[in-house]
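Trainee: Next come the chains, spelled out residue by residue.
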Amino acid sequence: MRNTNGGNPLVHIDGLATEIEGREILKDLTLSVFPGEIHAIMGPNGSGKSTFAKVLAGHPSYEVTKGGITFSGIDVLDLSPEERAREGIFMGFQYPVEIPGVTNSSFLRLAFNTAQSARGEDELDPIEFDDYLQDKLKMLEISSDFLDRSVNGGFSGGEKKRNEILQMAVLEPKLAILDETDSGLDIDALRVVSQGVNKLANNDNAIILITHYQRLLNYIKPDFVHVMHEGNIVKTGNEKLAQELEEKGYDWILDET
Amino acid sequence: METKLEAIVNQPYKHGFKTNIESDVVAKGLNEEVIRLISSKKNEPDWMLDFRIRAFRHWLTLKEPTWPNVKYPKIDFQDISYYSAPKTKKKKSMDEVDPELLRTFEKLGIPMNERAALAGVAVDVVFDSVSVTTTFKEKLAKVGIIFCSFSEAVKDHPEIVKKYLGSVVSYADNFYAALNSAVFSDGSFCYIPKGVSCPMDLSTYFRINTEESGQFERTLIIAEENSKVSYLEGCTAPQFDTNQLHAAVVELVAMDNADIKYSTVQNWYAGDENGKGGIYNFVTKRGLCKGVNSKISWTQVETGSAITWKYPSCVLLGDNSVGEFYSVALTNHQQQADTGTKMIHLGKNTRSKIISKGISAGYSNNSYRGLVKVGKNAMDARNFSQCDSMLIGNKNSANTFPYIQVENDSATVEHEASTSKIGEDQLFYFASRGIDTEEAVSMIINGFVSDVFIHLPMEFAVEATKLLGLKLEGSVG
Ligand SMILES: Nc1ncnc2c1ncn2[C@@H]1O[C@H](COP(=O)(O)OP(=O)(O)OP(=O)(O)O)[C@@H](O)[C@H]1O
Ligand SMILES: [Mg+2]
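Listed in order, the protein sequences are those of chains S and B.
Mapping the first sequence onto the numbering used here, position 60 (from 1) lands on 60, and the numbers just tick up by one.
Mapping the second sequence onto the numbering used here, position 363 (from 1) lands on 1363, and the numbers just tick up by one.
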């Protein structure tokens, strides 16, 4: 297990409540994630996990009605999604959309260069960027044919997920929220993607994994496992909690609460 | 995000100013007297007047077409002035052009001064009904190329004009072609002699300035055996609350082994966001591949006009001749476009290719309409068509109307079509990777149109890319 340090949290979510189309989804949710930590969030369908991820990333359809989110000490609720991304927040989508007509390579390069300028670093030209990209492709065992196709265009479910992790690898965010990245991956892909995520994890960044399957946590060791129910975290534990959930399902926790 | 998208798509029109220049405007209305008046103002020979009168009499028998997928109030053809010319004599030297006109075109980025001219592009400038200047005429004349206004061609090269005028688009072709043939006032003429590859791009820039007048110009391009020319056409108009009618006719003729490339960036005023004002653009453009191995290629970027009704076509008569149509049509707000092409295969082993990209934003309506026809004798004719539509937001529509008529079993005709959408989900995806809406839209659009833009001459492509960006500012909603 990696070091968890006792300094300031990377992200602090404080009593967050959100609504969409007048319906309250997240209710009084509080969570702190420190640099170097990996958190897993599990929970039944419709409990609000994706909502939580999208609210962190700044999806415009969700209205925050209560509470706040600070990231590296700054209030991110005032920031647009693109500004949050430039601060280093990354969300891996549960359902990545297809972007017709834009090649994966140009999309990746634009995203990367945007992040570079936000960090005050030099942008890379297409040739330099290609070198940088080749390493990432190798790490995730992705063929370079991938790059000439349009973003997620005609990708299989598993390819889309792999592409999300490729983007994460390229952008090297400070906080990654991966929404069911493991769903749809075959056994080999799950191993490769997990190894990739492990390589990207370090003491300065943090990862929130949203998953339904304990299996993922065999590859990526979480420091904390949270259970979400009806828009709130109702139980927090460690890896063992995930195993327990795998065996017993959610009912016993829901009864407890 | 929606409002941001709207802000990006809704940039103001940058060419909407009006030049204050005294004009000679013929009173509104259309009858034989008006046609005689136009002809006499232009000191035309009798044969030209005869052509007009025949066209007019035929026009009287025709009805406005109703088949296009566009809606607009009935046009009162008696409420339009059919001739408007700036009151300034056309001079030999560029420096003598009315300074007010020079300023107008400079503002539009069209320098009429040869020294300051666009790198290696000769321009014929048409202001309302008349050509005000043509650059590089002498230089082109040295290699035998005739590039001048249509009026001059009627005077100086009557035998060529007589031979080809109406030979590709007859005045009886359709309602607007008949109207144009009756009242056309000017336009560009270009003749490339045998064996000459035109050393520079030729272009015409059309500007409508007067509110009450329509613009009816004709372009005639003839490429003799083994010759080659690249022709560009641009256009803008001031912003008025009323609609102006633009009904042009373009005829191209390519002889054996000749190659004509015709590119248009159309940016007529499109009306405001509520659909008030804007140009009605009803245009007939057709090229005849008369000779063997000849080639005609149309590339168009249609961004303006309240209504566009336009089908640049190729008649592939010569064996082995090639027709191409590359089109990007962008509509926003209340704009309506019904555009496409016709590829008529008559010769053996003729080939055609159609790549059409329609982009609809706002409340607009964008239709592709295309005909591929293979005649009885067109052995081994081949066509490939690809029609892609992109919807930005969800209040607009896109339609594809492909017509295929094949009378020869050896023909190969392929048609592909797709529709994609840019909505909030796509934009959020970009945003979550740090890319703002404006950049996202421009990236999607540039990717979408790239198959067409590679066929534009370099400077034109740069111009067109900027134009699409401007047109889309504020439009995804
Ligand atoms: N646009 C919307 N309008 C109304 N309700 C919505 C909307 N989006 C999400 N919801 C509701 O919010 C709740 C939480 O959805 P969310 O996608 O966050 O669940 P989840 O925990 O990610 O589920 P899963 O495990 O199935 O992915 C669901 O009941 C869903 O129907
Ligand atoms: Mg979910």
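By construction, these hints were calculated from the structure, which means they are not laboratory data.
Only a predicted model underlies this, so the values are computations on that prediction, with no experimental measurement involved.
Be careful, since some hints might not be right.
Non-contacting residues of chain S with respect to chain B, defined by C-beta distances greater than 10 Å in every case (computed) [stated by the list, open to error]:
#1 R84
#2 F90
#3 E98
#4 P100
#5 V192
#6 N203
#7 V234
Derived contacts from chain S toward chain B, CB cut-off under 7 Å, selection only [as the list claims (entries may be wrong)]:
#8 L77
#9 L79
#10 E87
#11 G153
#12 S156
#13 L254
Over the 10 Å line for every Cβ pair with chain S, so calculated as not near, a few chain B residues [as the list claims (entries may be wrong)]:
#14 R1057
#15 T1066
#16 K1142
#17 I1146
#18 G1195
#19 G1375
#20 Y1403
#21 V1413
#22 I1445
For glycine and all other residues, C-beta sits at the position ideal for the given N, C-alpha and C.
Trainee: Now, for every hint given, state plainly whether the structure supports it.
Mentor: Status of the hints after comparison with the structure:
| no. | hint | verdict |
| --- | --- | --- |
| 1 | R84 | violated (8 Å) |
| 2 | F90 | violated (7 Å) |
| 3 | E98 | violated (8 Å) |
| 4 | P100 | violated (4 Å) |
| 5 | V192 | holds (22 Å) |
| 6 | N203 | holds (24 Å) |
| 7 | V234 | holds (28 Å) |
| 8 | L77 | violated (15 Å) |
| 9 | L79 | violated (11 Å) |
| 10 | E87 | violated (9 Å) |
| 11 | G153 | violated (9 Å) |
| 12 | S156 | violated (18 Å) |
| 13 | L254 | violated (31 Å) |
| 14 | R1057 | holds (49 Å) |
| 15 | T1066 | holds (34 Å) |
| 16 | K1142 | holds (43 Å) |
| 17 | I1146 | holds (42 Å) |
| 18 | G1195 | holds (41 Å) |
| 19 | G1375 | holds (35 Å) |
| 20 | Y1403 | holds (26 Å) |
| 21 | V1413 | holds (25 Å) |
| 22 | I1445 | violated (8 Å) |
The structure does not agree with the numbered hints 1, 2, 3, 4, 8, 9, 10, 11, 12, 13 and 22 stated previously, though it agrees with the rest.
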